[in-house]
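For the record, the sequence lines run as chains A and B. First residue of the first sequence? That's 59 in the numbering used here, and the numbers climb one at a time after it. First residue of the second sequence? That's 254 in the numbering used here, and the numbers climb one at a time after it.
What the hints contain is simulated information worked out from the structure, not anything from laboratory work. Mixed in with the good hints, there may be bad ones.
Unchecked claim - Cut-off 16 Å, straight-line C-alpha distance, at most; resulting in silico cross-link-like pairs (EDC-like, lysine to aspartate or glutamate): (1) A:K107 <-> A:E217; (2) A:K125 <-> A:E89; (3) A:K110 <-> A:D219; (4) A:K198 <-> A:D174; (5) A:K369 <-> B:D466; (6) A:K125 <-> B:E420; (7) B:K321 <-> B:D335; (8) B:K516 <-> B:E484; (9) A:K75 <-> A:D279; (10) A:K374 <-> B:D342; (11) B:K516 <-> A:D352; (12) A:K341 <-> B:E308; (13) A:K198 <-> B:E420; (14) A:K374 <-> A:D279; (15) A:K334 <-> A:E141; (16) A:K166 <-> A:E141; (17) A:K198 <-> B:D485; (18) A:K369 <-> B:E424; (19) A:K198 <-> B:D466; (20) A:K125 <-> B:D485; (21) B:K365 <-> B:D466; (22) A:K74 <-> B:D342; (23) B:K517 <-> A:E141; (24) B:K416 <-> A:E155; (25) A:K341 <-> B:E484; (26) A:K107 <-> A:D233; (27) A:K75 <-> B:E501; (28) A:K371 <-> B:D485; (29) A:K75 <-> A:D233; (30) A:K125 <-> A:D233; (31) B:K457 <-> B:D342; (32) A:K371 <-> A:D279; (33) A:K74 <-> A:D233; (34) A:K74 <-> A:D279; (35) B:K457 <-> B:D335.
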Amino acid sequence: MSEVLVVIDHAEGEVKKPTYELLTIARRLGEPAAVFFGSPEQGDAVAEKVKKYGAAKVYVVDDAQIKGYLVAPKAEALQQLAEKTGPAAILLPSTFENKEVAGRLAIKLGSGLITDAVDVQEGGVTTQSVFAGNYTVQAKVTTGTPIITVKPNSAAPEEADGAGAVESFAATISDVAKTAQVVATQPRQSTGRPELTEAAIVVSGGRGTGGDFAPVEGFADSLGAAVGASRAAVDSGWMPHAFQVGQTGKTVSPQLYVANGISGAIQHRAGMQTSKTIVAVNKDPEAPIFELVDFGVVGDLHTVLPAATEKVKERKG
Amino acid sequence: MNIVVCVKYVPDATADRRFEDDFTVDRVGVDGLLSELDEYAVEQALQFREKREGEEITVTALTVGPEKAVDAVRKALQMGADSGVHVVDDAIAGSDYLGTSLVLAKAVEKIKADTGADLVVCGMASTDAAGSVVPAMLAERLGMPQVTLASVVESQGDQVRIKRDNEGSTEVIGATLPIVLSVTDQSGEARYPSFKGIMAAKKKPLETWSLTDLGLDADQVGLSVAYTQVEDTTARPPRTAGEIVTDEDGSGAGALVDFLASKKFI
Ligand SMILES: Cc1cc2nc3c(=O)[nH]c(=O)nc-3n(C[C@H](O)[C@H](O)[C@H](O)COP(=O)(O)OP(=O)(O)OC[C@H]3O[C@@H](n4cnc5c(N)ncnc54)[C@H](O)[C@@H]3O)c2cc1C
Ligand SMILES: Nc1ncnc2c1ncn2[C@@H]1O[C@H](COP(=O)(O)O)[C@@H](O)[C@H]1O
Chain A
59 MSEVLVVIDH AEGEVKKPTY ELLTIARRLG EPAAVFFGSP EQGDAVAEKV KKYGAAKVYV
119 VDDAQIKGYL VAPKAEALQQ LAEKTGPAAI LLPSTFENKE VAGRLAIKLG SGLITDAVDV
179 QEGGVTTQSV FAGNYTVQAK VTTGTPIITV KPNSAAPEEA DGAGAVESFA ATISDVAKTA
239 QVVATQPRQS TGRPELTEAA IVVSGGRGTG GDFAPVEGFA DSLGAAVGAS RAAVDSGWMP
299 HAFQVGQTGK TVSPQLYVAN GISGAIQHRA GMQTSKTIVA VNKDPEAPIF ELVDFGVVGD
359 LHTVLPAATE KVKERKG
Chain B
254 MNIVVCVKYV PDATADRRFE DDFTVDRVGV DGLLSELDEY AVEQALQFRE KREGEEITVT
314 ALTVGPEKAV DAVRKALQMG ADSGVHVVDD AIAGSDYLGT SLVLAKAVEK IKADTGADLV
374 VCGMASTDAA GSVVPAMLAE RLGMPQVTLA SVVESQGDQV RIKRDNEGST EVIGATLPIV
434 LSVTDQSGEA RYPSFKGIMA AKKKPLETWS LTDLGLDADQ VGLSVAYTQV EDTTARPPRT
494 AGEIVTDEDG SGAGALVDFL ASKKFI
C-alpha cells in the first residue's frame, strides 16, 4: 500500500487534534506516514502519539533551517520527501500557512491542489463547503499527487495501531527559499479555553455585547466552549483578531455555535454556517441570524446569558 | 519603481452565487465586482506610493478574467492606480489555481519587462475561491520572496517589513524588494473613488492581453487541462426554520438551557 503523507499540526511538539483527524482520513487513501517539522529531540514523543492513530512511519524534518523563514522551505522539504517516497496523496491541516505550502508544492510537483476540504473519501473525492456555506462541491485531483488541505473537525479521530517508525529526513533548503525572514515572533497568550477551530462548542459575541464580553465568556466557560467574535467586535478592539469568526477570520464547524449580539452578515456566516447546531441570542427579532438558527432567543444578551450560565451550572451540579 | 496589484473580478457575495452546468463558477450570469478583499491590496499599493514622496512610482492593476472583469481594473484605476492590464481569453475559462497562477505570473513578467514589477500586491483571498494560495503560487513561479497576510506594511529603501497574525503568534517578516505581498482586511480601510478619480480613470491606459501576448498556448490553461476536476455541486438545503422564543421575565434563559440539554450539550 502506498504511503499518504500527513503533515503534523503541532505547537512546540504538542500535537494538535486536526493531526489525528487527518491520520484517520489518510487511512482511507493508503498507509499514513506522518511528517513532523520540528526539533529532532521531540520526534520520538511525537511518534508515540501519532502511531496510536495509525502512522506507520514518522518522518522527522529538523526545522532548524526552516522555521526562520516563511513557507518556502517547508514546500521544498515536502517536495524532496514526496520525490523520495512517491506518496499516494499529501494531506495538510488547512491553516493559512499550510495552504501556502500546499500551493507552492503543487507547482513544484506538477500536482493538483484542493484546499479547505471538509471530507475526503476513498478514491480521493473531496467535499468542500463554498460560497459562504451555501454550496458543497465534490472534487478530485486528476493530475499528479493529490495535495489536499483539510479543515479541522472534518473527521472523528479513530485510533489504530501504527508502527510509528521514526526516520529522520534531511532536506536541502535553497537560498531562494530563505528570502522572506521571520524577524520576530510573539506567541499569543493561551486563554486556557479550547482552540477556536477545534472546539466542539463555540460561543461568540458581536457588537451587541457593547464591549462587555463577560456574559459571553461566562456562558462559554459553563459549557466548556471556545470564545469567538464578529469583526465588528474585533474592529472595536474588544477582542483580538485571532478570535474573529468569518470570511477573514477563522472558519469554525463545531457541534454547537451560539451567536450573541451578532446580526448574521454574509461574511460572518461564511465562517460558521456549517456548524451542526446554531443558536442565537439577539434583541432584534428581524436579525438575519435567526434565519439560520435551530433555536433562537429574542432578548438582551446581558440578562439572558448570565441567567443561562447559572442554569447550566445548576444542571451540571 | 512599478507596483503590480492583482485584482480579481468575483461574483457579488450578496447575489445568488451559483455554478454553470460544467460546474465552473457562473461568472457571467451573476453580477460581479472587484473582490472586496482586493480593495485592501489596491489601498496598500497606493499608500506605498504616497508614503514615498519624491520617488517615481507607478501602480499597474492586473486582472485575469472574462470580458466583464475589466470592471475590477477600472475600479482600481478610479481608486488611483495609473494603468491597467486585463488578460482575457476564452481558453482561460475554468482554470484552477495552477492555471490562474501561471497566467498571472506570465502577465507579471511581461509587465516587468515593460515597466518593471518591483512589488506585486495581492489580496488575502478572493471572495469566491477563498483559497489564499495564489500569492504564494505567484511567488513560487516568479522566484520572488513571499511576504503574505500582512496587517501592517512598512518599507524603507528596498527593505519591507510586515506584521502578521499567525496561528498561535504574531510575527514580523522582512524581505528585500522585489517581493510578492498579500494584505489582509486589517491593513486599513480602502478609499472610495472620488469624482475626480472616476473622471481621471477614463483617460488612463488600459491594455487587453490574450494568451498569445503572454506566450502561452490555449492547451496550457483552462478547464480541459485543470489538475482538479469538480464532480458535483449541491446547493445547501435550506435550514428548516428553528424555534424562536421571546425572553420575558427570564423565560429565555430557561428555554435556551432546556434546548441545549435536549440536544445533550449539557
Ligand atoms: C471584506 C469584509 C470582510 C469581513 N469579514 C468578516 C468576518 O470575517 N467576520 C465577521 O464577523 N464579519 C466580517 N465582516 C463584517 C460584516 O459585514 C459585519 O459588519 C459584521 O459581521 C457585523 O458584526 P456584528 O454582527 O457583531 O454587528 P452588527 O451587524 O452591528 O450586529 C449587532 C447585533 O447585535 C444585536 N444587539 C445589540 N444589542 C444587543 C443586546 N443587548 N442583546 C442582544 N443583541 C443585541 C443587534 O440587534 C444586532 O443584530 C466583513 C466585512 C467585509 C467588508
Ligand atoms: N484571476 C485573478 N486575477 C487577478 N488576481 C487574482 C486572480 N485570482 C487571484 N488573484 C489574486 O490572488 C489573491 C488570492 O486569491 P485566492 O488564492 O484565489 O484566494 C487575490 O486576492 C488576488 O489578489
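Outcome of the hint check:
At most 16 Å may separate the alpha-carbon atoms for a hinted pair to count; K107 of chain A and E217 of chain A meet this at roughly 10 Å. Among the hinted pairs, K125 of chain A with E89 of chain A is inconsistent with the structure: their alpha-carbon atoms are about 28 Å apart, more than 16 Å. Restraint check: the Cα-Cα separation between K110 of chain A and D219 of chain A comes to about 5 Å, which is no more than 16 Å; the hinted pair holds. As the CA atoms of K198 of chain A and D174 of chain A are separated by approximately 13 Å, the hinted pair is consistent with the 16 Å bound.
For the hint pairing K369 of chain A with D466 of chain B, the CA-to-CA distance comes to about 68 Å; that exceeds 16 Å, so the pair is violated. For the hint pairing K125 of chain A with E420 of chain B, the CA-to-CA distance comes to about 14 Å; that is within 16 Å, so the pair holds. The straight-line distance between the Cα atoms of K321 of chain B and D335 of chain B is roughly 20 Å, outside the 16 Å bound, and the hint therefore fails. For the hint linking K516 of chain B to E484 of chain B, the alpha-carbon distance of about 35 Å lies beyond 16 Å, and the restraint is violated.
With a C-alpha separation of about 20 Å, the suggested pairing of K75 of chain A with D279 of chain A is violated against the 16 Å cut-off. Simply put, K374 of chain A and D342 of chain B have alpha-carbon atoms about 63 Å apart, too far for the 16 Å limit, and the pair is violated. Annotation: proposed proximity of K516 of chain B to D352 of chain A holds, straight-line Cα distance about 11 Å (limit 16 Å). Distance restraint check for K341 of chain A and E308 of chain B: the Cα-Cα separation of roughly 53 Å exceeds the 16 Å cut-off, and the hinted pair is therefore not satisfied.
Using a Cα cut-off of 16 Å, the hinted pair K198 of chain A and E420 of chain B is violated, with the two alpha carbons roughly 28 Å apart. A distance of roughly 12 Å separates the Cα atoms of K374 of chain A and D279 of chain A; the hinted pair therefore holds under the 16 Å criterion. About 40 Å separates the Cα atoms of K334 of chain A and E141 of chain A, which puts this hinted pair outside 16 Å; it is violated. Taking the CA atoms of K166 of chain A and E141 of chain A, the gap is near 10 Å; set against the 16 Å cutoff, the hint holds.
Distance restraint check for K198 of chain A and D485 of chain B: the Cα-Cα separation of roughly 10 Å lies within the 16 Å cut-off, and the hinted pair is therefore satisfied. Taking the CA atoms of K369 of chain A and E424 of chain B, the gap is near 42 Å; set against the 16 Å cutoff, the hint is violated. For the hint linking K198 of chain A to D466 of chain B, the alpha-carbon distance of about 32 Å lies beyond 16 Å, and the restraint is violated. Between K125 of chain A and D485 of chain B the alpha-carbon distance is near 39 Å, which puts this suggested pair outside the 16 Å criterion.
Between the alpha carbons of K365 of chain B and D466 of chain B the distance comes to roughly 14 Å, so the proposed pair stays at or under 16 Å and holds. Under the criterion of a C-alpha separation no larger than 16 Å, the hint pairing K74 of chain A with D342 of chain B is inconsistent with the structure, at around 44 Å. For the hint linking K517 of chain B to E141 of chain A, the alpha-carbon distance of about 48 Å lies beyond 16 Å, and the restraint is violated. A threshold of 16 Å between alpha carbons decides the hint, and for K416 of chain B with E155 of chain A the separation of about 15 Å falls inside it, so the pair holds.
Using a Cα cut-off of 16 Å, the hinted pair K341 of chain A and E484 of chain B is violated, with the two alpha carbons roughly 43 Å apart. Using a Cα cut-off of 16 Å, the hinted pair K107 of chain A and D233 of chain A is violated, with the two alpha carbons roughly 34 Å apart. With a C-alpha separation of about 41 Å, the suggested pair K75 of chain A and E501 of chain B falls outside the 16 Å cut-off, and the hint is violated. For a cut-off of 16 Å, the pair hint linking K371 of chain A to D485 of chain B is broken: about 46 Å separates their Cα positions.
Proximity of K75 of chain A to D233 of chain A is assessed by CA-CA distance (about 34 Å); at most 16 Å being required, the pair is judged violated. As the CA atoms of K125 of chain A and D233 of chain A are separated by approximately 14 Å, the hinted pair is consistent with the 16 Å bound. This hinted pair does not check out: K457 of chain B and D342 of chain B have alpha carbons roughly 22 Å apart, beyond 16 Å. Of the pairs offered as hints, the one joining K371 of chain A and D279 of chain A holds, with about 10 Å between alpha carbons and a cut-off of 16 Å not exceeded.
Restraint check: the Cα-Cα separation between K74 of chain A and D233 of chain A comes to about 31 Å, which exceeds 16 Å; the hinted pair is violated. A C-alpha spacing of about 21 Å is found between K74 of chain A and D279 of chain A, which places the hinted pair above 16 Å, so the restraint is violated. Annotation: proposed proximity of K457 of chain B to D335 of chain B holds, straight-line Cα distance about 6 Å (limit 16 Å).
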